[in-house]
Amino acid sequence: MSSLLLALRLGRWGIAGFAALGFISTLVQTLAFYTIAGQTLAQQAAFGATIGTLATHFTAVLPPPIRPETVGGYVEWRGFHALGLIFGVWALASATGMSRVDEERGVIEAALATGASRIELIAARIVAFTIGALLASLAAVAGFVAGVLAHHDTLSSIGVLEELLLLAVLAFCCYSIALFVAQVSSPRTATAAAGIVLLTLFLVNSLSRTFPSLDTVGRLSPFRYYDLNQPLPPGGTFDARSVVVLLAITLLATGAAAAAFARRDLGASLLKVPGLPHATRYDASSAPWWRLPVVRDLYDGRVALIAWTAGMAVLAVVFVSLTKTTIQPLLAVPALLPYFGAIVHGDIFPAVLGFVWFSFAQLLFAGFAITQVARWAADDTDGRLEIVLSQPRSRAGVVVERFVTLAVGAAVVAAVSGVAVFYASRSQGIDLNQQHVIAASLMLVPFALIFASAGAVVTAWQPRAAVGLLGAIAFASYLDTEVGPFLKFPLWVQELSAFRLFGTPLSTGVDGRSLAIMLLIATALIGSSILVMQRRDVGA
Amino acid sequence: MSPSFTAPYMLREMALAAIRTSRLTKDYGSHRGLFDLDLQVSPQEVFGYLGPNGSGKTTTIRLLMGMIRPTGGSAYIFGLDCVRESVEVKRKVGYLPGDVPQFGSLRGGEIVAYLGGMRGGVDKAAVRRLAERFDLDLSRRFREYSTGNKQKLAILLAFMHRPDLLILDEPTSGLDPLNQQEFYTLLREARDDGATIFLSSHVLSEVERVCDRVGIVRAGTLVRVAQLDDLRSDGSASLEQIFLSYFSEQKPKALNP
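Protein sequence lines, in the order shown, are assigned to chains B and P. Numbering-wise (my numbering), the first sequence opens with residue 213 and increments by one. Numbering-wise (my numbering), the second sequence opens with residue 387 and increments by one.
Because the hints were derived from the structure by calculation, they are not lab data. Please read all numbers here as calculations on a predicted model, not as lab measurements. Any given hint could turn out to be false.
[To be verified] What follows is a set of in silico ranges between Cβ atoms, one per label pair, in the way DEER data are often shown:
1. GLN746(B) with GLY415(P): 18 to 24 Å
2. LEU504(B) with ASN439(P): 39 to 45 Å
3. GLN627(P) with GLN746(B): 42 to 48 Å
We put the CB at the ideal spot given by N, CA and C, even for glycine.
The following block holds chain B by itself, in its conformation from the complex:
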């Protein structure tokens, strides 16, 4: 029992944060539906048709919606399917945190020293996450229910319960897979390895919607069994067998993870690679980059930077391929041509590519900025900031070096993904404006700087809460741009969103005013973070 309470305590902020995120996300999407879908059945049908067409652009990420003209169908597509992915990220962080962070900090060792068995300990973590996943899923469906009831609409209580079950089981399944991967990989690579496995499982499922040849492989993905269900819309689907398959994968992975945890050494992986003969050395590294500001930090974070760069480039190529594959058949449907004519000005492929890829790239760059801020926060809590400040360096210098490092890193990732987009488009016969590709890719750098600078202020103020708070800021910024126009937020509030300021540079070029506002916000926040850093206590 004490192991379970400890596990719940360690995960309390994750549970609270994702429950709040789930509740707000579905509530806002539900309220947005009533604002934008119209009041009459005809208006809602037209809205549903538009969403249905729009959804074809996003088949790489989300499954096609069922009855998007209804609140259940719309929120299922916009809210709950995105939440499935977000809860997957939570499961990843939570599962690998146990084997990586908690082991490194001695929490697991201390818990085992109390007499708790390994099986008891891992079971407590699993049960704690399951409780957390159920609570967060409950909050997510509560947001939907609250939105529907606020408009005196009707809903299917069975469908709501099925959605609650599905979301919790998917999160639990992702947790168990990540937990298993973390046992067989080294603590250093646990998060990356589990992340790659979950991302691959997500992609093989989503890509199998476009490429039928991947259908067989896609059956291995838990996301497939989640996507088979859309219980909220009237006449929606709930396939009990798919839930059974999800639970079977979960039990298998959980059992394997528990067995691996029981057999492996703490701080090591189950699978050990024999080490090479080792000669003792007493010399400092003579590599020249350690003396160069910015370069030393880029080198220190090189593995993550290479992973981000390669990952973004691969995704860019995948998105370009999907654009052609998805849009080409739609252009053959005469009924859709007026729709395309109404929303797309100029060549359709660059417009769609610009919309889909750069929307996704913005989310990834927000994630990139958050990972950098997490690193800054860890510098503080792990004592590295204190030892750096014990060298003859000013606090302002440390902050500025962090930002320059981040900007250079973001520029590398943006440039390589931009090159990938350009050449992949060319090979697909999509004619992109070279200047616009460069401008759009480079716009991702000030975009990332906005989140990083907001994160720097939060880190300087409260490092332990920095990642959570910045995640909330990014989410609020995304919601601002998504629902701000429909909920009639004041223009200045809408323009605070980095997602809105980014605009559509691939099709319309860079808006100088938006770029200036982005740079102004980033500069103001960087200045604030320097001021806060100057005045705060470090290591206290």
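We have chain B already, so just place chain P on it with the hints.
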């Protein structure tokens, strides 16, 4: 004393002292922190800073290093203000924090080069000598180091640039007896080379062995400063007895949990 006499006098005193604090205060509230610390440490002195857990030793050290801001008073190192001139201060200081920072997967030699690079480069011969003395393999990753090896690395980082002042927070924590002896030898050599040493500890035998003078801090207040030789010449007591006399009300608690 006229003001015209006071200012130059104080300036000269500040310039002479390796460390000088005047009514230095860090008030965390609820009577926690450090209060009105007046302290002076002379060049080439080895000063031991004693006190039980939570008495304010680390707070004092972090104030000197400019990591935390005083709520009152001032601190100077070689006449430089620890807040306003902290960059210059740190050029002269080697610092060993109470908690060894976590460097994850960086190798020992990379950590040395990384932090040395912030000082304009590493004295490779000095690093090699120190690493050999402590038999510290710098090709290992930080996460592979034992607790003792992490502490050895922290010692190396503090000593490698031959600073004028060493500020060491419980420096022998985690070291085995052999390496403790090596550390004491290193400390003497540093002092003989002209360095000033300010070390906090609650290992009384260690302080008795290496320090010229001690300060005892209790509940955030400096209660006594004395030459070790003077204490010994009192004929009365060992440092342990003197130390315990200041904490007699705490002793029964410690003995009877």
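For the hint 18 to 24 Å, verify it against the beta carbon of GLN746(B) and that of GLY415(P).
Cβ of GLN746(B) to Cβ of GLY415(P): about 22 Å, so the range 18 to 24 Å holds.
Taking the Cβ atom of LEU504(B) and the Cβ atom of ASN439(P), is their distance within the range 39 to 45 Å?
holds (41 Å)
Within 42 to 48 Å: is that where the Cβ-Cβ distance between GLN627(P) and GLN746(B) falls?
holds (45 Å)
Violated hints for the displayed structure: none, as all numbered hints are satisfied.
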